[in-house]
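A.B. asks: Given only the sequences and the hints, what does the whole structure look like? Please build it.
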Amino acid sequence: MLERYFTAASTYAHSIDHLFILIAVIVGFWLIVAEGMMFGLVFKFRARDGRPTQYITGDEKHLKRWISIPHFLVIVCDIVILAGAITVWYNIKQVLPAADATVRVIGQQWAWSFQLPGPDGVMDTADDIRTVGELHVAVNTTYHFELLSRDVVHSFAVPAFRLKQDALPGRTITGWFRPNRVGTYDIQCTQMCGIGHALMAGRVIVETQQAHAAWLLRNSGPAVAGLQSSPASAMDPAMTLAEARP
Amino acid sequence: MSTEVQHAEPGFFRKYLWSTDHKIIAMQYLFTGMAMAMIGGYFAYVFRMQLGFPNQYVPGYGIVTPGRYNALVTMHGSIMIFWVAMPVLIAAFGNFLIPLMLGCDDMAFPRINRLSYQIFLLSVLVLLSSFLVKGGPFGGAWTSYPPLSASGAYNLTPIGATLWLLAVALEFVAFLLGGINFTVTTMNSRAPGMKMYDIPILIWMIILANVIFMASVGPLIAGAVMLLFDQTMSTGFFDPTRGGDPLLWQHLFWFFGHPEVYVVLLPAMGIVAEIIAVFSRKKIFGYKTVLYTAWAVGFLSFVVWAHHQFVAGIDPRMANIFSVTTLLISVPVTEMVFLYIATLYGGSIHLDTPMLWALAFIAEFMIGGVTGIFLGSSGTDIYLHDTYFLIAHFHYTFVPIAIIAVFAGLTYWYPKMFGRMLNETLGKIHFWGTVIPFNVIFIPLFITGIAGDQRRVYDYAQFAEQSRPALQHLRTTSTIALLVMLSFQFVFLFNFVWSLRSGKSAGANPWRSTTLEWTVPSPPPHGNFAVLPTVYRGPYEYGVPGRADDFFPQDIPD
Chain A
76 MLERYFTAAS
86 TYAHSIDHLF
96 ILIAVIVGFW
106 LIVAEGMMFG
116 LVFKFRARDG
126 RPTQYITGDE
136 KHLKRWISIP
146 HFLVIVCDIV
156 ILAGAITVWY
166 NIKQVLPAAD
176 ATVRVIGQQW
186 AWSFQLPGPD
196 GVMDTADDIR
206 TVGELHVAVN
216 TTYHFELLSR
226 DVVHSFAVPA
236 FRLKQDALPG
246 RTITGWFRPN
256 RVGTYDIQCT
266 QMCGIGHALM
276 AGRVIVETQQ
286 AHAAWLLRNS
296 GPAVAGLQSS
306 PASAMDPAMT
316 LAEARP
Chain B
482 MSTEVQHAEP
492 GFFRKYLWST
502 DHKIIAMQYL
512 FTGMAMAMIG
522 GYFAYVFRMQ
532 LGFPNQYVPG
542 YGIVTPGRYN
552 ALVTMHGSIM
562 IFWVAMPVLI
572 AAFGNFLIPL
582 MLGCDDMAFP
592 RINRLSYQIF
602 LLSVLVLLSS
612 FLVKGGPFGG
622 AWTSYPPLSA
632 SGAYNLTPIG
642 ATLWLLAVAL
652 EFVAFLLGGI
662 NFTVTTMNSR
672 APGMKMYDIP
682 ILIWMIILAN
692 VIFMASVGPL
702 IAGAVMLLFD
712 QTMSTGFFDP
722 TRGGDPLLWQ
732 HLFWFFGHPE
742 VYVVLLPAMG
752 IVAEIIAVFS
762 RKKIFGYKTV
772 LYTAWAVGFL
782 SFVVWAHHQF
792 VAGIDPRMAN
802 IFSVTTLLIS
812 VPVTEMVFLY
822 IATLYGGSIH
832 LDTPMLWALA
842 FIAEFMIGGV
852 TGIFLGSSGT
862 DIYLHDTYFL
872 IAHFHYTFVP
882 IAIIAVFAGL
892 TYWYPKMFGR
902 MLNETLGKIH
912 FWGTVIPFNV
922 IFIPLFITGI
932 AGDQRRVYDY
942 AQFAEQSRPA
952 LQHLRTTSTI
962 ALLVMLSFQF
972 VFLFNFVWSL
982 RSGKSAGANP
992 WRSTTLEWTV
1002 PSPPPHGNFA
1012 VLPTVYRGPY
1022 EYGVPGRADD
1032 FFPQDIPD
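Just so you know, the protein sequences line up as chains A and B, in that order.
Numbering of the first sequence is given in the working numbering, commencing with residue 76 and proceeding in unit increments.
Numbering of the second sequence is given in the working numbering, commencing with residue 482 and proceeding in unit increments.
Treat the hints with care, as some may be off.
[As the list claims (entries may be wrong)] Each pair of labels, with its calculated beta carbon distance range:
hint, chain 1, residue 1, chain 2, residue 2, range
1, A, 201, B, 722, 24 to 30 Å
2, A, 137, B, 951, 29 to 35 Å
3, B, 495, A, 143, 53 to 59 Å
4, B, 982, A, 130, 38 to 44 Å
5, A, 104, B, 722, 35 to 41 Å
6, A, 136, B, 1028, 21 to 27 Å
7, A, 136, B, 677, 24 to 30 Å
Just so you know, the hints here were simulated from the structure itself, not pulled from any lab data.
Glycine included, C-beta positions come from ideal geometry on N, C-alpha and C.
C.D. replies: Structure representation (structure tokens):
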């Protein structure tokens, strides 16, 4: 269902979509039954002359069943939904599959910046690649992200990946994603972060493995930093907030 | 109250502005709440216009800049919850109805009651004054997460942020005073013969709401003091660079914030219970079970708060626990709704305006309830958190609570409050003109939410996927439906004012109800009851076999 409105571009997108459909079927059934029951009763027992009201307290056994049986069925449905919800949550948020690569995602008022280890695969070395607003990743590669914030609470969201995680100042939050579809997708900030909140957009560019390797080579190392199309390497950690604002 | 203590008629000021009469204080809360609802509705109009027709001139406002947009959504949320839902549902209906339904002459602490409204009014003035200060009103969302809210350098509204916090804190003081008063009155001032299970469900619900409020607000007050210190004295409670923790505020806020949902839900459920019983001429199906489910909801509401924080950076293992408790709360809420539907069975249902509102409450609230399951399930919440799906979900709970149930209560008790009937035709026009557009506003927003629209964004032009025309059509549809809904509110305002003088005279008991407030003249005189009543039975004795009348008032001996 979500697929009609949005592309799915990560391995866990479909598990969230399937959970959504499971819940939609279960609660949709209950909603239709309950609304139907209500409107049916309103019609059946509309006021008519000469038909007295029945005196019912709710303690009658044969009538109480109409409450107690749905009551237990609701609990059963809750358990089914919870099993699905916790399974999906566990696989996305509680376990970290072994990483093929790591990226650092930094939120600040009002831009996303990214740090990728260069060809040496080690973060915080001279050949690291820093970009602003654009995250380049390779398809079918499991990434760990280290999420940081320089100032206030932000939220790193890539709808096509079904990924969302708040970035908190003072903490590094680690998570993962594995893109499985080449393309360019939106990055949003989904936590109110000040007057530029709506402008805090970014793009994640999922490339084929070869294209990504070529991009890494082109852009790594301080020597070529100045040649990049994206305003990389401008991201000096010591830069002040005012300077970083677009 | 006997005739020997009749005073000289007090002047206008003492009678209407400095009164200790619970009915006058109820009217003060009601009219203040309605005025705030107009302000909150106006803000909704402005920011929906910006979303429906981006960056165009909004008639009656002007151009909506990003900073102003943030302030508008922040103030809309704060006002509708703290300055509309709470004063109208709890303070206005509670003040008016608690003494009348319990059969006593006034509140236990009339002067505390007066103080409660005065502090509430002060909180309104403090909030509105933030529109006049440098930087304008606070725009950091009604949840006010630090470090954004803690520092003027981040939120650019240093004075507005502090005034917002002060206003919220003052509002809480007002409701603490009111809550003490309501609870003490209900425990001590019931008419002779009114046992605990003879109390109308609405009064039970208001008391439960007050108990939940009083038990949950402490942590938030503590948080508010710390945030105030962070803002004004440069302390670092929520500042990670100085050992503080921004997540602490989120826990304190939502520990209050989620029970708050039930603080306003329960009185709304109570209003609906009264109306359904009267207009289907039926005893509430399982009176005690309704109360037990309400207690269960109240208790569980304290252990679900972190479902607002699944992706906020809390320990991910905690999400599982809060998913379980959140889905667990669906059990008593569902059961309560089922009991209300069951009450219709075997009745003789009259579709007068109050009943239409009450039925609409159930029909719409169920949609709000089931869509909450998507968000309470941690797995789907990863995607839907902070999207318009969430916005649509909680408006499907809060609009039934703060708008539909309030209209149900107002149309039902208007004859008692003012002695005259509202016009029924205008009432039905207003009903359909509100409920149909309400659905047209929010059903499209479920879809834009599923398509990834996140909230608090003044313009989606930055996002390639969100700026597709198909999504913009949905946003525009929603905005136009809002304009229709808002314009129909003038029908209600006209009906309200016109009926004050020209409505049909109501008499003491126009709806043929059983509860005590309908035994006194409309409007009730100072002191309420000429002779304090004695109660002989429960509140919903309709269609009792062997009686000529189909209702058996609480105060008539067997």
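A.B. asks: Tell me the hint numbers this structure goes against, listed in increasing order.
C.D. replies: 2 and 5
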